[in-house]
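Which chain is which? The protein sequence lines are R and V, in order. Our numbering applies: residue -1 is where the first sequence begins, and numbers increase by one. Our numbering applies: residue 110 is where the second sequence begins, and numbers increase by one.
The reader is advised that the hints may include incorrect statements.
Just so you have them, the derived chain R footprint on chain V, three or more residues with Cβ under 8 angstroms [said to hold, decoys possible]: (1) 121 to 131; (2) 162 to 169; (3) 309 to 316.
The set of hints was computed from the structure by calculation and includes no laboratory data. For glycine and all other residues, C-beta sits at the position ideal for the given N, C-alpha and C.
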Amino acid sequence: MGRDGKCERFERLIVPHLDAAYDLARWLVRDPAVAQEAVQEAYLRAYRFFDSFHGGDGRAWVLAIVRNACFTALDREPPRATFEAFDEECHADTPNGLPPPEEVAMAREAQALVRDAVAGLPEEFREAIVLRELHGLSYKEIAAVTDAPIGTVMSRLARGRTALARRLGAPERKK
Amino acid sequence: MTALTCAQARPLVQAYVDGELDTAASLALERHLARCEACRAEHGTLRRLRAAVGAGLTAEPAPAALRRAIGRRLRAERERARPWRLRTRALVAVPAAILVAAAALALAPIAYERLAPGGAEKIVYHVNETTDPATALRNIANHVQSAPGLKAVVVAHNNGIDFLLAGARDKDGEPFAVRVAALKSQGVDFRVCGNTLARREIDPRRVIPAAKLVPSGVAEIGRLQAKEGYAYMRL
Ligand SMILES: [Zn+2]
C-alpha cells in the first residue's frame, strides 16, 4: 500500500513536470542526448528521494534536482549563490530602443534572435530568465530551484533582461 | 501614504511587471508611473521585452523516447525495491513468468502513456462577442501549461473575431498578435468564421496570418465535436 501510494503520488505530482524538466535541461546543457540522460538521472533520483518531498511545489522540487543533474552531467559546479546586492544600477540602464513588440515578436527571425540572445546569456541569468519567462515560475520558486536568495533571483533577472534588451533592442547600434 | 521617489520606484518596476508586488506597493507604484514619464518608459520597455521574450521562447516538450526510458527505469527501480511481494506470492506457487507479467501490469506507468501524444486531450474553445479575449487567452495559456499534449482549437465568430485582426490591441495597448503567436507555437490553432467576415464586410486579408479562415465558425465547432471528438468550451 505504502509503495503503491508513493508510486501514485509520484505520477501525479512529479511526472507532469517532465516537459518543463526536459526544457530546462536543454537550456542548461544544450546537447539533446546529454539533456535526456540528465533528466533520466534526475527522475530516478527524484523517485528515490521522493519520501523527502513533503508536499508543496512539486515542480520547483523536481526542477531543482534536474538542475543539479545537469551540472553533474556537465561535470561542473552549479553557479554559486553568492550574495548579490539588488542594486539600482542594474535597473537604471535598460536601453529604450526596443521596437514595438509585434515587430520584434512576429517575425520568425525575431524568434530566432530571442532564442540566440537567451542562449548567449551567462548561465545564472539564463536559467533565471528561462524559469521565469518560459515556465512562469515565481521569484520564490526560482529561488527554490536555483538555491539562491530571492534578492539574488531578482538581480539575476534584472541583469539578464538588461542584457537581452541590449541585444534585442539595438542591433544596428553595435555597428 | 507618501509618494514614491524615482529612486524608490525603479527597483519596484520589475517586480510589478512580474506580478510580484503586493497591492499596496502596486498602488503606490501605479501612482508614481502615472506622473513620471521616465519610470513609465522603463515600465513600458520591460513589458515589451517580456512580451518579445515570451513570444520568442517556446518550450521544447520531452521526447516520447525519454518518457519511455524514464518509465522503464522507474519500473525497474520499483521492482528492485519490492522483493517481498514476489516472495509472498511465490509461497502460493504461482509460476514465476505469470508473476513477473502480473507485476509488470500492476506497475504499468499509466501516467506516461496518458501524457504521451496520441491519447491527447482535444478541446475547441468558442470565442464570440461576449468573450473577453485577454482573459480567454490567459485561460487557454494556463490550460495548455497544465495539460501537456493538449490539442486546442480556438474558433472565433461574430465580434469575437476582432482580436484576430491585424493591429488589434488589448486595453493596455498590448497587441494580441504576440500572445496568439505564442499560443500557436504551442500548438493552439486559431480559426476565424468566414461568414462573419462576409456579413461584417471585413477584408479577409485583415485577419492575422497566424489564424486560419473556415467557411463557418458554427459549422466548424460542430464538426470538431462530432467528427474529431473535441470537447467544447465556451470562453
Ligand atoms: Zn520616476
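Cross-check of the supplied hints:
Remark: the segment 121 to 131 of chain V is confirmed as covered by chain R, as 5 of its residues place a Cβ nearer than 8 angstroms to a Cβ of that chain, reaching the required three. Under a criterion of three residues with beta carbons nearer than 8 angstroms to beta carbons of chain R, the stated coverage of the segment 162 to 169 of chain V is upheld, 8 such residues being counted. Interface restraint, the segment 309 to 316 of chain V with chain R: violated (0 residues with C-beta to C-beta distance below 8 angstroms; minimum three).
In this structure, the one hint that does not hold is number 3.
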